[in-house]
Amino acid sequence: MAHTNRLNNTHVLVFGGTSGIGYAIANMALSNGARITISGSAQPKVDTKVSQLRSLYPDMPAENVAGFACDLFDIANLEANLTGLFDKVTQGGSKKIDHIAYTAGDSISLPGVNVVTPEALLKGFNVRLIAPSIIAKLLTTGEYMPQTVNSSFTLTGGTNTHKPFPGWTFVAAVGASAEGLIRGLAVDLNPIRTNIVIPGATQSELLQPMLDRMGEEATAKWRRENSLTDTLGQPEEIAEAYGYLMKDKFANGSQVTSDGGRLLVPAGQ
Numbered sequence: 001m002a003h004t005n006r007l008n009n010t011h012v013l014v015f016g017g018t019s020g021i022g023y024a025i026a027n028m029a030l031s032n033g034a035r036i037t038i039s040g041s042a043q044p045k046v047d048t049k050v051s052q053l054r055s056l057y058p059d060m061p062a063e064n065v066a067g068f069a070c071d072l073f074d075i076a077n078l079e080a081n082l083t084g085l086f087d088k089v090t091q092g093g094s095k096k097i098d099h100i101a102y103t104a105g106d107s108i109s110l111p112g113v114n115v116v117t118p119e120a121l122l123k124g125f126n127v128r129l130i131a132p133s134i135i136a137k138l139l140t141t142g143e144y145m146p147q148t149v150n151s152s153f154t155l156t157g158g159t160n161t162h163k164p165f166p167g168w169t170f171v172a173a174v175g176a177s178a179e180g181l182i183r184g185l186a187v188d189l190n191p192i193r194t195n196i197v198i199p200g201a202t203q204s205e206l207l208q209p210m211l212d213r214m215g216e217e218a219t220a221k222w223r224r225e226n227s228l229t230d231t232l233g234q235p236e237e238i239a240e241a242y243g244y245l246m247k248d249k250f251a252n253g254s255q256v257t258s259d260g261g262r263l264l265v266p267a268g269q
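According to the UniProt record's numbering, the sequence shown is numbered sequentially starting from 1.
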């Protein structure tokens, strides 16, 4: 039997799809024949990225790429905002989503142990734990995603959870919460599959300000110390991990790491 492209003719929703890994996932899905919807925090940027994606595939119907803004930081109205987004993305449930890739995140600014406050710590969980939890709640209704093993919900973690940088205790804690979430959801959303991708340091808009502050020499040293490949990950490479988890109907409660071997870097390298 000929190999089947399991993303062809599917509908993929990407949270955080206007930049970095999220944009690369949307591009990857389109290249596999999927219809995609991207979501970000600002509609003008969403519209720009929709146009860019359409331009990459000029022979593809324009309606295969759509995009809607959704404010994931507005915790008081989060469920209403997400419900409104899902209603628009699925046209009231008539065109369901087959796969969700969740790459949304804010800049890493959690305080150190010596200055942490309850308010600052709790804020770190808003986008990375609370928002995907409410998404999962909406998926239980069956209105927006078919409840079969063909459907998937993939979150994003980070290697800092497993090998924290100094001063990043609470970044590690937030990342660990996402890993615990996917294992629980794999049970409670079943048969919808829930997994997580663990990227290493990736060349993206989120990382670039830190690299700019470090300078070229310090960045080169940092690359050597945090990967066996002496490189940064590229969004288009990391995107393949999400594609795999969408396609593999036997992957559930799993984590896929793409980190250049960071967790194996010898001490003092």
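These aren't lab readings, by the way, just hints derived from the structure by calculation. All C-beta atoms, glycine included, are put in the ideal place defined by N, C-alpha and C. Treat each hint with caution, since some may be false.
With a cut-off of at most 35 Å between alpha-carbon atoms, the simulated DSBU-like pairs for lysine-lysine come out as follows [stated by the list, open to error]:
{"hint": "1", "residue 1": "LYS249", "residue 2": "LYS45"}
{"hint": "2", "residue 1": "LYS249", "residue 2": "LYS137"}
{"hint": "3", "residue 1": "LYS249", "residue 2": "LYS221"}
{"hint": "4", "residue 1": "LYS221", "residue 2": "LYS96"}
{"hint": "5", "residue 1": "LYS247", "residue 2": "LYS96"}
{"hint": "6", "residue 1": "LYS163", "residue 2": "LYS123"}
{"hint": "7", "residue 1": "LYS137", "residue 2": "LYS88"}
{"hint": "8", "residue 1": "LYS95", "residue 2": "LYS221"}
{"hint": "9", "residue 1": "LYS137", "residue 2": "LYS45"}
{"hint": "10", "residue 1": "LYS45", "residue 2": "LYS123"}
{"hint": "11", "residue 1": "LYS249", "residue 2": "LYS163"}
{"hint": "12", "residue 1": "LYS163", "residue 2": "LYS96"}
{"hint": "13", "residue 1": "LYS123", "residue 2": "LYS88"}
{"hint": "14", "residue 1": "LYS247", "residue 2": "LYS137"}
{"hint": "15", "residue 1": "LYS45", "residue 2": "LYS96"}
{"hint": "16", "residue 1": "LYS123", "residue 2": "LYS221"}
{"hint": "17", "residue 1": "LYS137", "residue 2": "LYS96"}
{"hint": "18", "residue 1": "LYS123", "residue 2": "LYS95"}
{"hint": "19", "residue 1": "LYS221", "residue 2": "LYS163"}
{"hint": "20", "residue 1": "LYS221", "residue 2": "LYS45"}
{"hint": "21", "residue 1": "LYS247", "residue 2": "LYS123"}
{"hint": "22", "residue 1": "LYS45", "residue 2": "LYS95"}
{"hint": "23", "residue 1": "LYS163", "residue 2": "LYS45"}
{"hint": "24", "residue 1": "LYS95", "residue 2": "LYS247"}
{"hint": "25", "residue 1": "LYS45", "residue 2": "LYS247"}
{"hint": "26", "residue 1": "LYS123", "residue 2": "LYS137"}
{"hint": "27", "residue 1": "LYS163", "residue 2": "LYS95"}
{"hint": "28", "residue 1": "LYS163", "residue 2": "LYS137"}
{"hint": "29", "residue 1": "LYS221", "residue 2": "LYS88"}
{"hint": "30", "residue 1": "LYS247", "residue 2": "LYS163"}
{"hint": "31", "residue 1": "LYS249", "residue 2": "LYS95"}
Simulated restraints on C-beta separations [as the list claims (entries may be wrong)]:
{"hint": "32", "residue 1": "GLY180", "residue 2": "GLU225", "range": "22 to 30 Å"}
{"hint": "33", "residue 1": "LEU121", "residue 2": "GLU225", "range": "35 to 43 Å"}
{"hint": "34", "residue 1": "ASN114", "residue 2": "ASP59", "range": "54 to 62 Å"}
{"hint": "35", "residue 1": "GLU216", "residue 2": "PHE73", "range": "27 to 35 Å"}
{"hint": "36", "residue 1": "LYS95", "residue 2": "ARG223", "range": "41 to 49 Å"}
{"hint": "37", "residue 1": "GLU179", "residue 2": "PRO209", "range": "22 to 30 Å"}
Against the structure, the hints:
1. Between LYS249 and LYS45 the CA atoms are separated by roughly 33 Å; this keeps the pair inside 35 Å, and the hint holds.
2. Only pairs whose Cα atoms come within 35 Å are accepted, and LYS249 paired with LYS137 is accepted, the gap being roughly 21 Å.
3. Proposed proximity of LYS249 and LYS221 is contradicted: the alpha carbons are some 40 Å apart, above 35 Å.
4. For the proposed pair LYS221 and LYS96, the alpha carbon gap of about 46 Å is over 35 Å, so the pair is violated.
5. Straight-line distance between C-alpha atoms of LYS247 and LYS96 comes to about 17 Å, which keeps the hinted pair within the 35 Å bound.
6. Distance check on the hinted pair: LYS163 and LYS123 sit about 22 Å apart at the alpha-carbon level, within 35 Å; holds.
7. Between the alpha carbons of LYS137 and LYS88 the distance comes to roughly 17 Å, so the proposed pair stays at or under 35 Å and holds.
8. In summary, the hint linking LYS95 to LYS221 is not supported, as the alpha carbons are separated by about 48 Å, beyond the 35 Å threshold.
9. Between LYS137 and LYS45 the alpha-carbon distance is near 27 Å, which keeps this suggested pair within the 35 Å criterion.
10. A distance of roughly 24 Å separates the Cα atoms of LYS45 and LYS123; the hinted pair therefore holds under the 35 Å criterion.
11. Between LYS249 and LYS163 the CA atoms are separated by roughly 30 Å; this keeps the pair inside 35 Å, and the hint holds.
12. A hinted pair counts as satisfied when its Cα atoms are at most 35 Å apart, and LYS163 with LYS96 does not qualify at roughly 38 Å.
13. Using a Cα cut-off of 35 Å, the hinted pair LYS123 and LYS88 holds, with the two alpha carbons roughly 28 Å apart.
14. This hinted pair checks out: LYS247 and LYS137 have alpha carbons roughly 23 Å apart, not beyond 35 Å.
15. Annotation: proposed proximity of LYS45 to LYS96 holds, straight-line Cα distance about 24 Å (limit 35 Å).
16. Between LYS123 and LYS221, the direct Cα distance comes to roughly 32 Å. Compliance with the 35 Å bound is thereby established for this hinted pair.
17. For the hint pairing LYS137 with LYS96, the CA-to-CA distance comes to about 16 Å; that is within 35 Å, so the pair holds.
18. Restraint check for LYS123 and LYS95: satisfied, since their Cα atoms lie roughly 34 Å apart, inside the 35 Å limit.
19. For the given pair, LYS221 sits about 18 Å from LYS163 by alpha-carbon distance, which is consistent with the 35 Å threshold.
20. Only pairs whose Cα atoms come within 35 Å are accepted, and LYS221 paired with LYS45 is accepted, the gap being roughly 34 Å.
21. Taking the CA atoms of LYS247 and LYS123, the gap is near 33 Å; set against the 35 Å cutoff, the hint holds.
22. Proposed proximity of LYS45 and LYS95 is supported: the alpha carbons are some 24 Å apart, at most 35 Å.
23. This hinted pair checks out: LYS163 and LYS45 have alpha carbons roughly 34 Å apart, not beyond 35 Å.
24. Distance check on the hinted pair: LYS95 and LYS247 sit about 19 Å apart at the alpha-carbon level, within 35 Å; holds.
25. Taking the CA atoms of LYS45 and LYS247, the gap is near 29 Å; set against the 35 Å cutoff, the hint holds.
26. Restraint check: the Cα-Cα separation between LYS123 and LYS137 comes to about 20 Å, which is no more than 35 Å; the hinted pair holds.
27. For the given pair, LYS163 sits about 41 Å from LYS95 by alpha-carbon distance, which is inconsistent with the 35 Å threshold.
28. Of the supplied pair hints, the one linking LYS163 and LYS137 holds, its CA atoms being roughly 31 Å apart against a limit of 35 Å.
29. Note on LYS221 and LYS88: the hinted pairing is violated, with a Cα-Cα distance of about 46 Å set against a maximum of 35 Å.
30. A hinted pair counts as satisfied when its Cα atoms are at most 35 Å apart, and LYS247 with LYS163 qualifies at roughly 29 Å.
31. Using a Cα cut-off of 35 Å, the hinted pair LYS249 and LYS95 holds, with the two alpha carbons roughly 21 Å apart.
32. The given range of 22 to 30 Å is respected by GLY180 and GLU225, whose C-beta atoms sit roughly 28 Å from each other.
33. The hint said 35 to 43 Å for the Cβ distance between LEU121 and GLU225, and at roughly 28 Å that hint is violated.
34. Our hint of 54 to 62 Å for ASN114 and ASP59 holds, since their Cβ atoms are close to 57 Å apart.
35. Under the hint 27 to 35 Å, the C-beta atoms of GLU216 and PHE73, about 33 Å apart, fit the expected range.
36. Between LYS95 and ARG223 the CB atoms are about 43 Å apart, so this pair conforms to the stated range of 41 to 49 Å.
37. For GLU179 paired with PRO209, a C-beta distance near 26 Å keeps the hint of 22 to 30 Å intact.
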